[in-house]
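Residue numbers (our numbering), protein chains in the order written: chain B, 1 to 514; chain A, 1 to 402.
Hints may contain errors.
What follows is a list of derived Cβ distance ranges for each label pair [stated by the list, open to error]:
#, chain 1, residue 1, chain 2, residue 2, range
1, A, Asp87, B, Ile171, 47 to 53 Å
2, A, Arg146, B, Asp480, 32 to 38 Å
3, A, Thr300, B, Glu163, 40 to 46 Å
4, A, Tyr98, B, Ala514, 36 to 42 Å
Residues from chain B shown here face chain A by an in silico Cβ test under 7 Å; the list is partial [what the hints assert, rightly or not]:
#, residue
5, Asn262
6, Gly263
7, Ser297
8, Glu301
9, Thr302
10, Gly303
11, Phe304
12, Thr305
13, Arg306
14, His309
Simulated from the structure, these hints should not be mistaken for laboratory data.
Values in this document were obtained by computation on a predicted structure and should not be read as measured data.
Glycine included, every Cβ here is placed at the ideal spot set by N, Cα and C.
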Amino acid sequence: MTDRYDAVVIGAGHNGLVCAALLAKAGKKVIVLEAAADVGGAARTRSIAEGYSVSACAHLLYQLQPGVVRELGLNVNLAAKKMGTVALAQDGVHVRFNGGKVDGVSEADAANLRAFHRRMTRFADLLHTYLNQPPPRLGGGTSRDWLTLARLGLDLRRLGKTEMREFLRLIGMNIYDEVDERFESPLLRGAISLDAVLGTHLGPRSPNTILTYLYRLCGNHGTLDLPAGGMGSITEALANCARNNGAIIRTGMPVKRIIADNGRAAGVETESGETFDSWTVISNADPKATILTLTGSRHVETGFTRRIHNIRMRGNAAKLHLALDGLPAFNGLEKKDFGDRLLIAPDANYVERAFNPAKYGEYSPQPVLEITFPSFRDATLAPTGKHVMSAIVQYAPYDLRDGWSDAAHEAFLDTTLATIEQYAPDLRQRIIASELLTPKDIEREFRITGGHWHHGELTLDQFLFVRPVAGFAQYAMPLDGLFLCGAGAHPGGGVSGAAGRNAARAILAREKAA
Amino acid sequence: MENPVTIDVVEQKRLRSPFHARQVELDRLNAWHDWKGYTSPDALYDADLEYFAIRNSTGVFDLTPMTKYRITGKDALDYVDRLVTRDMRKIKPGRVAYAVWCNDHGQVIDDGTIFHLREGEYRLCSQERHLAWLTAAALGLDVDIREETADIASLAVQGPTSYSVLKNLQLDGIEELKPFGLAHFDFQGSELMVSRTGFTGDLGYELWIETAKAEALWDAVFEAGKLHGIRAIGTEALDLARIEAGFLTAGVDFLPAEGTVRPGRSRSPFELGLEWLVDFKKPNFNGRRALAEEKRRGSTWRLVKLDIEGNKPAHHSYVYKTVNRRRKQVGFITSACWSPVCKKNIAIGTVNVPHGETGDELQVEIYYQREMHWSRVMARATVVDKPFWDPTRRRATPPAPF
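Model the full assembly from the supplied sequences, consistent with the hints where possible.
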């Protein structure tokens, strides 16, 4: 005898938890099944050595939607707010910036950055509106869809003629051309380029990298926060919130398959053989895993299967975690800078060159990095006087040509450390423990196909109306009762909770309509 | 300066079927056309005589260029069942199913026949090539899809004496073979598959064999049929026969959905009069959701068979209907001919719903030329629901010897 639930959520990632919490709050009987031993998915804190903890995948909070926090009454503890960025230079003459404010560049560059930031945040605001609602459906949509679409047009028009033209010019463009035209400082060019390509299989010269940059800004204007206790604290809070609202969360329960019964989702079966019956199955897994692995293509149609199969989602970002017996000495870095974000991307060409080998299945010999020392602001993460470092390292292609063998893994770690040593020569002497997660590791550990954080490249052809695929952007999948609520659905990745909340709303609205 | 680019001489632009040499021996017209990359005869001697061979004795048509795929693997049944709209679980080994397959929008990609050769082993035959779609349909299933058009020689042996011809070929048990049945025989050490299928609406068979034995098979069939009026036929004769039988041709009576650009130019199975092939009892098949929606909302088009007054074939005619004493254009003709065996002027066309129900009176506008000058008639046309030609001998098992 099995229990029947109003909804089964597969995966306790942050979106799954947001969705579950909102449904539970609306009075639904919800169960969340998580494969791992802890909740959190890619938003998790974990120990890398005795006494040292770090955010296991996502490490900075820049998109968490205020609406999600408000609706769930979430108590978010931040160790740092509005962190600045230091674009590292080998000679120690760094550029420091935060939003539109910058030090260490010419007067002209400073003015240009102000204008650039103002415009970009304005454009990002345009997208922001659509972050928190299902994208309109084109062709055969409802009046609500048309209204949303009309508003998108109106918002665009309200930018004014010049700005609208500028938006339309920029939206498909690459970041390289824009920073090259606008700034003199190579460090500034490199830093902005890096922000545009973080977590993607794109270089600064790839079309569409303005969109990825805007996406980064559209959550909260790109302000960077550091959650106290690592990213896991956010998902812990979400899990508690879900539980308080009555949701059941069971960890260590990998789902084997979504049960399709006579053309509709009827529940899930776990690896251990337990079944959970529900007419609503919500998947926090990526679209490929959800459809191709869990549902099975035989239960959906061919055209849809082909589109899902063709979603581009090859991860290209690795994650480096170091336990250190003290802060390394970076050339020209002041102590307070360790509380900010450090970038190794000395110019836009450097970033592009780092990307070049990735196209051919090789990792960057000179990778780009986004480095944080979370323990500098959050003493709970490391023993007194000791520190942890968390860095995103690009590019490390998922499909490394010769495979991610132990030797390749070791070699890339060495390459990465050697790159940082160009800025902090004593780094290696400080290392107590290290951990490098390649996209293959990320795929395995966090169960993300291709190890791509966003559950699918964020490009115009996989964005808004066509995310994850055309015709199915409103969370409902073509198997009745099956929904997506993760980063693979609109709007995309990042610890925002937007996809989870939108999915919960879509599910409740559908129920009301039925 | 010498041109450094050399272009290889293309020796043969069109492929030749393994029966080509035999057809050439019989050919008196030298009238050939391209059929999916193969040289295929319009007619070999006289299209009308060839047609009468189908209806009165036996016509032999080279079917090799028909696109053929072999579907094997553990999930072969699940695969074909999801691919097409009808229930393939009912098609046991040794049976053949006429089927249509749709895209996700419920629009027909093509129609064809699926042969359940052995347990879990299928052959799919169609007018168009579909490897891209068939491969996509295989994602996530344990099946192997192989195109075998060039590997299998096939002959249609059609007409009232075709049973006697095959009987003479010493095919033991051929008398037991029911319509849409298939059986395997030994032919000179090779496996000969015979199916009781065809595109003529008459008693008839299709023979399938490895290409190396093609000429030997041709010779044996013609030897066996020499006292039964056997005659090689071309496409023109076959086309007349298939219109009489009410069979559709992809690219003529409907366009394969994946090849259309303009909205509304593709057709659903309902719009092709193939509702009987759609089985909503199946929980999932390609196009199911869209077709369920179409069934709820109603279709746009309806395929009609028309019995037209007069004797001038209504090629490419507009179809009209008088509504409130005003003549309104409601559709068009896609295939038309004067049917020699029915002695009727017949056509297949497409009209807008709600027009074209059985018995509906329509008009077709027929243009015809006499000594360069064009004339036009408005001919009355009646919608009929049965095929124009459907003799009982087509279904008799065992068939009668003629």
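Quiz prompt | Hint numbers not upheld by this structure, sorted from lowest to highest | solution = The structure breaks none of the hints.
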